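The whole structure should be built from the sequences, with the hints applied where relevant.
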Amino acid sequence: MRIYALMVLLLCSLSSFSQICNNTLSGKVIDLHDGTALVGAMIIIAGSEQTVVTDINGNFSIQNLCDQTYAIQISHPYCLTSGHKIKVDGNTVKTFQLEHHLEALNEIVLKGHAQNKKSNTLAQNTLSGEKIEQFSSGSLGDALNSLSGVSSLNTGSTVVKPIINGLHSSRVILVNNGVRMEDQEWGVEHAPNIDINTAENITVLKGASAIQYGGDAIAGVIVTAPEKIFIKDSLYGKTLLSASSNGRGSTLTSKLTKSDDNGWFGTVQGTIKRYGDFEAPDYVLSNTGTFERNASVRIGFNKFNYGIEGYYSFYKNEIGILTASHIGGAEDQVRAINSTVPLVLKDFTYAITYPKQDITHHLARIKAFKKFNGFGKVNLQYDFQQNQRLEFDIRVGDDSDTPSLDLVLKTHTLLIDIDSNLSENLSLKSGIMARYQDNFADPSTGVRRLIPDYEKYDIGVYGISTVQLQDNWLLEAGARFDYTYMDVFKFYRTSFWESRNYAALFPEIVVEEYDNQLLTNPQYNFFNASGTVGSTYSFNDKLKFFFNYSLASRVPNPSELFSEGLHHSASRIELGDLSFKSEIANKATLTLQKEGTVFGFSIQPFINNIHNFIVIEPTKVEQTIRGNFQVWEYRQTNAQLLGVDIDATYALSPHFNFNHQFSLVKGYDRQGDSALISMPPVNTTNEITYENPKANNLKLALQSTYAFRQNEYPNTNFEVYIAQSESFELVDVSTPPDAYHLLNFRSSIDVPITKKSNLSVGFNVTNLLNTRYRNYLNSLRYYADDLGRNFLFNLKFNY
Amino acid sequence: MKTIKTLSLAVVAALSFASCSDDDDSPELVNEEEVITTMTVTLTPTDGSETITLQSRDLDGDGSDAPVITVTGNLVTGTTYNGAIVLLNETESPAEDITEEVEEESDEHQFFYTISSGLDVTTEYGNNDSDGNPLGTEFILTAGAASAGTITFTLRHEPTKPNDGIESAGGETDILVSFDVSVE
Chain A
1 MRIYALMVLL
11 LCSLSSFSQI
21 CNNTLSGKVI
31 DLHDGTALVG
41 AMIIIAGSEQ
51 TVVTDINGNF
61 SIQNLCDQTY
71 AIQISHPYCL
81 TSGHKIKVDG
91 NTVKTFQLEH
101 HLEALNEIVL
111 KGHAQNKKSN
121 TLAQNTLSGE
131 KIEQFSSGSL
141 GDALNSLSGV
151 SSLNTGSTVV
161 KPIINGLHSS
171 RVILVNNGVR
181 MEDQEWGVEH
191 APNIDINTAE
201 NITVLKGASA
211 IQYGGDAIAG
221 VIVTAPEKIF
231 IKDSLYGKTL
241 LSASSNGRGS
251 TLTSKLTKSD
261 DNGWFGTVQG
271 TIKRYGDFEA
281 PDYVLSNTGT
291 FERNASVRIG
301 FNKFNYGIEG
311 YYSFYKNEIG
321 ILTASHIGGA
331 EDQVRAINST
341 VPLVLKDFTY
351 AITYPKQDIT
361 HHLARIKAFK
371 KFNGFGKVNL
381 QYDFQQNQRL
391 EFDIRVGDDS
401 DTPSLDLVLK
411 THTLLIDIDS
421 NLSENLSLKS
431 GIMARYQDNF
441 ADPSTGVRRL
451 IPDYEKYDIG
461 VYGISTVQLQ
471 DNWLLEAGAR
481 FDYTYMDVFK
491 FYRTSFWESR
501 NYAALFPEIV
511 VEEYDNQLLT
521 NPQYNFFNAS
531 GTVGSTYSFN
541 DKLKFFFNYS
551 LASRVPNPSE
561 LFSEGLHHSA
571 SRIELGDLSF
581 KSEIANKATL
591 TLQKEGTVFG
601 FSIQPFINNI
611 HNFIVIEPTK
621 VEQTIRGNFQ
631 VWEYRQTNAQ
641 LLGVDIDATY
651 ALSPHFNFNH
661 QFSLVKGYDR
671 QGDSALISMP
681 PVNTTNEITY
691 ENPKANNLKL
701 ALQSTYAFRQ
711 NEYPNTNFEV
721 YIAQSESFEL
731 VDVSTPPDAY
741 HLLNFRSSID
751 VPITKKSNLS
761 VGFNVTNLLN
771 TRYRNYLNSL
781 RYYADDLGRN
791 FLFNLKFNY
Chain B
800 MKTIKTLSLA
810 VVAALSFASC
820 SDDDDSPELV
830 NEEEVITTMT
840 VTLTPTDGSE
850 TITLQSRDLD
860 GDGSDAPVIT
870 VTGNLVTGTT
880 YNGAIVLLNE
890 TESPAEDITE
900 EVEEESDEHQ
910 FFYTISSGLD
920 VTTEYGNNDS
930 DGNPLGTEFI
940 LTAGAASAGT
950 ITFTLRHEPT
960 KPNDGIESAG
970 GETDILVSFD
980 VSVE
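Top line first, the protein sequences correspond to chains A and B. 799 is the number that the working numbering gives the last residue of the first sequence; the numbers go up by one with no jumps. 983 is the number that the working numbering gives the last residue of the second sequence; the numbers go up by one with no jumps.
These are calculated hints, taken from the structure and not from any lab test. Keep in mind that this is a model prediction, so the values were computed, not measured. There could be a bad hint or two in this list.
As the list claims (entries may be wrong) - Straight-line distance between alpha carbons at most 25 Å, and here's what the computed DMTMM-like set of lysine to aspartate or glutamate pairs gives:
id: 1; chain 1: A; residue 1: K356; chain 2: B; residue 2: D864
id: 2; chain 1: A; residue 1: K346; chain 2: B; residue 2: E957
id: 3; chain 1: A; residue 1: K620; chain 2: B; residue 2: D864
id: 4; chain 1: A; residue 1: K346; chain 2: B; residue 2: E966
id: 5; chain 1: A; residue 1: K228; chain 2: A; residue 2: D261
id: 6; chain 1: A; residue 1: K346; chain 2: B; residue 2: D846
id: 7; chain 1: A; residue 1: K346; chain 2: B; residue 2: D864
To be verified - Simulated coverage check for chain B against chain A, where a stretch passes if three residues somewhere in it have a Cβ under 8 Å from a Cβ of chain A:
id: 8; stretch: 844-852
id: 9; stretch: 859-870
id: 10; stretch: 876-883
id: 11; stretch: 911-917
C-beta atoms are modelled at their ideal positions from N, C-alpha and C, and glycine is treated no differently.
Right, dumping it as structure tokens:
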């Protein structure tokens, strides 16, 4: 090494002798971020004594240089010192860029947050990391339920789907770590495949504003964001352990992050959850256990001007479905509804038997960005998802261990975004998205496919512009266009095909005829436009007014188009319609928001008019050899949803706080002039909290939630003949359950361990009074009570 | 520049991955194996008179066509019949005999016979499961005085066994068919 250095020195000196050294290197030193001249930057030429300092315009000039390569070091009080190699060939001019404002880096990060806002004209509801940790053992749906305007649709204790302002499933876009989740959530019993512990914060937008993710968010968008990793040398992590009495299980989640000041970082994370049968106040809810295993890895390299990041996550969840909910027809339904206890009662067990779901979701993503001076930031992302859903029913004979549903959904998405500041007050974000999706329904289940095989292609382009009209007045407008092509292979039963008059309407799509089935090849082209316009006006620092209008268009999903047959888990015959058009929603939201240390509130009324709204509702009873089944048919109508979400906080004293939430939503079928089915009832949550940062950050909270009875519902009851009693009995599937009130308690305290690590201990009780209740939006409400009291113990270790 | 190169490579790899997905021909037809399309109850009189057949046949399974129910004749007063139930899946060809599966898992199944109050008919189990509890794919039916009404056959999956009849048996209904019959 030393010899090599000597050689170089020798060569250099030799060449300096052999050349005329009267060249000048001149140029400028500027700020990397905004191009401003840097005054007083020091430039040192290695190997010579020459040192120059830039003038008031950032210019410098160095004389008497030879035709050779020089090593130059540039330093500035507020910049990272950088080294360069410059080849001098005659008089040379060169501009150097330095990363300025080292001391102001935090300021830049803050600005970054502002740019990352999902919408500028919709008030955001965000769940903080701390709040998410409280739900570490629960699901995404449970956690979001704590926000006003978000409720949940349950199929049991662990299958929880978020409902935003009355709408759910494919009307809610879920963006997990920058990737739009494609997890077959077209059925009510398909919960999002997200490990809540991977999110640093979760934002809910009750509108289609985040059109960069898609134009079909009729209900809204849920964005989970990963932790921000700073460019500095550190190693940190946290481990959370949560144990609960109800379900007699625990959750362990752990995360470790390593970052380096050269830009590299990496995070590994894992979660394991194991619960046995959950319990209602009076009995065990048989076969409601869950076993979830997740892991994720994130590796990246970040510089101010460019960066690249890879992410992979694995999610696997096995979920038991309440045994008592597995019924065979209307007669069983009468028995179940009339029985005060579930029809199947067994002792507690961790075993998960049939019926159950077994879900595996792989997600891989690679993204990169590069900033171009005077142009903006270009983001490129590719992601791949593979979701396998197995649903095991109770089956007889050789098939008893074969799933009844085996779907594999593969999705590839490519995104290119450009963020540019056109002027100081005008910014434009635009992008293009291409997606390919392939669904494969395995025929070896021996059960006719619930969701057919299909291929789907999407292309979307969008642009969102933000204009700062005045310091306190901001305007945002965006538009998006999506094209979707679907190529489907679907078997129909000939009897259904004919009864629907499809033989006359769609003769051209029949590919082949079998004994009593037809193979068809429906192909669809959808051209959808969507957009958003909004404005934010700040009356002062505290008081803000938001207005947002959004237009969203959603392509009907495969279950809505193609369902025909018995959906075993719902014990009903479901029928779709081949002729459905896109749903088009016009939603307007107003928000008045006051932030304050003593009193703060937000009032958020909305109206959502949905043209071609697809609703599934009972239409008739069909006789089969298994008895009578309710038939649920999808149909399109015009719907209107109205509502208001209210949040308020009031500081009673420096330690005591009062929080209030109220949500109301009314859904109407404007064509049929009736109430819409499955609308969340009015609910309110009131909470008193005590916080004392001096007493080891002691936190205590008592929470009361009250759900009113849903008084507006369509009556879809029907009668069925019962042979035993020789009478017709009413099957009451529509009357909502009574109102209920629950009390919850929460507490936590921090225990410092070492300088760099601390332990947080929490103790919570949900349903403190062990109240018996049934929730209108829980599809298991016919069969069993909801969860009883649960003692929850949390340990969080930060290191 | 290196980053961009790596990135473009990744994109190319991704696209080629996408384009070579398993794009096979048309999907495979599924004929459901557990569907019961047809239940045939054969009532063979012990005195050698005419055999009566009760049948419910639903060739499209749980489809839009309702089952076709046929009863070939009337029961004769004072006659005892040997009843046998055969369950078929006729969506497959040749038809699959589901009775065999029910009998294989006899401890998880039981047939129940519900006679309407106006009909003077009594029934008795004719076969048992592996634990010695009633199964009921075979039974004995005795017709009493002249009368008319319905006989309902219910097959329950995983009922409580033993039980005191359908009211307390629980389980899930696999089959439920009523036949209008007369005793003459």
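Now the hints, each set against the structure:
Restraint check for K356 (chain A) and D864 (chain B): the C-alpha separation of about 30 Å exceeds 25 Å, so the hint is violated. With a C-alpha separation of about 13 Å, the suggested pair K346 (chain A) and E957 (chain B) falls inside the 25 Å cut-off, and the hint holds. Distance hint between K620 (chain A) and D864 (chain B) is fulfilled; the C-alpha atoms sit about 13 Å from each other, no more than 25 Å. Pair hint K346 (chain A) plus E966 (chain B) holds up; C-alpha atoms about 19 Å apart against a cutoff of 25 Å.
Simply put, K228 (chain A) and D261 (chain A) have alpha-carbon atoms about 14 Å apart, close enough for the 25 Å limit, and the pair holds. At roughly 48 Å between alpha-carbon atoms, K346 (chain A) and D846 (chain B) are farther apart than 25 Å, so this suggested pair is violated. A threshold of 25 Å between alpha carbons decides the hint, and for K346 (chain A) with D864 (chain B) the separation of about 38 Å lies outside it, so the pair is violated. Only residues whose beta carbon comes within less than 8 Å of a beta carbon in chain A count, and the stretch 844-852 of chain B has 0; fewer than three means the coverage is violated.
For a cut-off of 8 Å, the count of residues in the stretch 859-870 of chain B with a CB near a CB of chain A stands at 8, and the three-residue condition holds. Check on the stretch 876-883 of chain B: 0 of its residues sit with their Cβ under 8 Å from a Cβ of chain A, so the three-residue criterion for coverage is violated. As drawn, the stretch 911-917 of chain B meets chain A at 3 residues by the rule of a beta-carbon pair under 8 Å; at three or more, the given contact holds.
This entry does not satisfy hints 1, 6, 7, 8, 10, going by the numbered hints stated previously.
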